[in-house]
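Let's have the full structure, built from the sequences with the hints guiding it.
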Amino acid sequence: MSEAWQQRLADARANRQQTQRWRTRQVAKSNILDFAGNDYLGLSQDPRVCEAQAAGARRYGAGAGASHLVSGHLEIHDALEGALASWTGRERALLFSTGYMANIGVLQALADRHTAIFQDRLNHASLIDGAALSGARSRRFHHRDTDDLESLLSRSESTHKLVVSDGVFSMDGDIADIEALVTAAQRHNAWLMVDDAHGIGVLGDNGSGCVGSNWSSVDVPILVGTLGKALGTVGAFVAGDAELIDHLTQFSRSYVYTTAQPPAIAAATLKALAIVQEEPEHRTRLNANIAYFRREAGLRAAA
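303 is the number that full-length UniProt numbering gives the last residue of the sequence shown; the numbers go up by one with no jumps.
Calculated directly from the structure, the hints in this document are not laboratory data.
Okay, the calculated beta carbon distance ranges per label pair:
#	residue 1	residue 2	range
1	ALA242	SER71	20 to 28 Å
2	GLU281	ALA28	21 to 29 Å
3	ALA288	ARG139	34 to 42 Å
4	SER216	ARG139	21 to 29 Å
5	ARG300	ARG23	24 to 32 Å
6	ARG58	GLY298	45 to 53 Å
Just so you know, even glycine gets a beta-carbon here, dropped at the ideal spot from N, CA and C.
Here's what the structure looks like:
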């Protein structure tokens with residue numbers, strides 16, 4: 001390694017350590033109580049989900065073997081996309097390998113230097129990175145402040161405007177004001193994209209999140225959800241109308257140029273999705289545990 005590269009790495013390491021932001025990995029242990037993970041409903045350990053994954057591997061193999069547009073899109077992927085679309089009240093859904101890839105894929109496929117993107121300041125890094133990769137003009141409004149958003153939108157001369165927000169903000173735990181975002185976007189002829197990674201499976205009458213079936217694709221044209229949190233597996237999806245999904249299928253580079261999700265994961269996710277829809281008691285227990293923890297810790301409820 002050249003001295004210049006060694007120095008660059010050393011400087012980056014020193015800077016991060018000095019600001020106490022240096023991260024270390026630890027092997028997860030099974031004998032602890034986990035307050036940091038995303039397996040909100042415990043479905044990653046549900047025997048029915050595990051068996052569905054094993055059965056999927058026996059039937060379809062360990063991997064998809066190709067990208068979705070070559071020969072890797074199997075019937076189990078198609079079934080999962082259909083189930084996710086129905087669950088969220090959308091016309092269609094499209095599977096991605098991770099939530100990060102879904103967000104950068106959507107923004108790269110839709111936005112360019114002529115697009116104006118307006119993001120909540122506390123949006124997930126994948127949304128910030130996706131906007132940067134797209135080359136769009138990106139502005140960030142104050143957290144959950146639709147007055148600030150309206151001000152930015154009113155000054156924009158762009159023909160194509162996109163408002164982007166997390167559904168549930170993972171660091172603070174508060175929830176986006178979807179109604180206010182819908183109103184602001186529609187008033188200024190903008191599209192609205194919501195990444196509901198932490199709401200999917202947990203919020204809503206049927207677990208479809210803070211957007212889901214409550215808001216149509218006319219209100220929220222672009223809905224992103226992940227499978228690796230409440231659903232307990234891995235991957236992500238984008239749900240919307242057929243025209244949007246067709247566009248992403250053709251132009252989203254993080255979809256086109258990557259191997260499809262392992263079919264066993266799709267099978268496990270289908271089972272987890274059925275459990276979420278048919279057994280609301282998992283969400284009831286989660287909410288009871290949250291209330292108990294807050295009460296005992298003396299914490300106020302999130303907004």
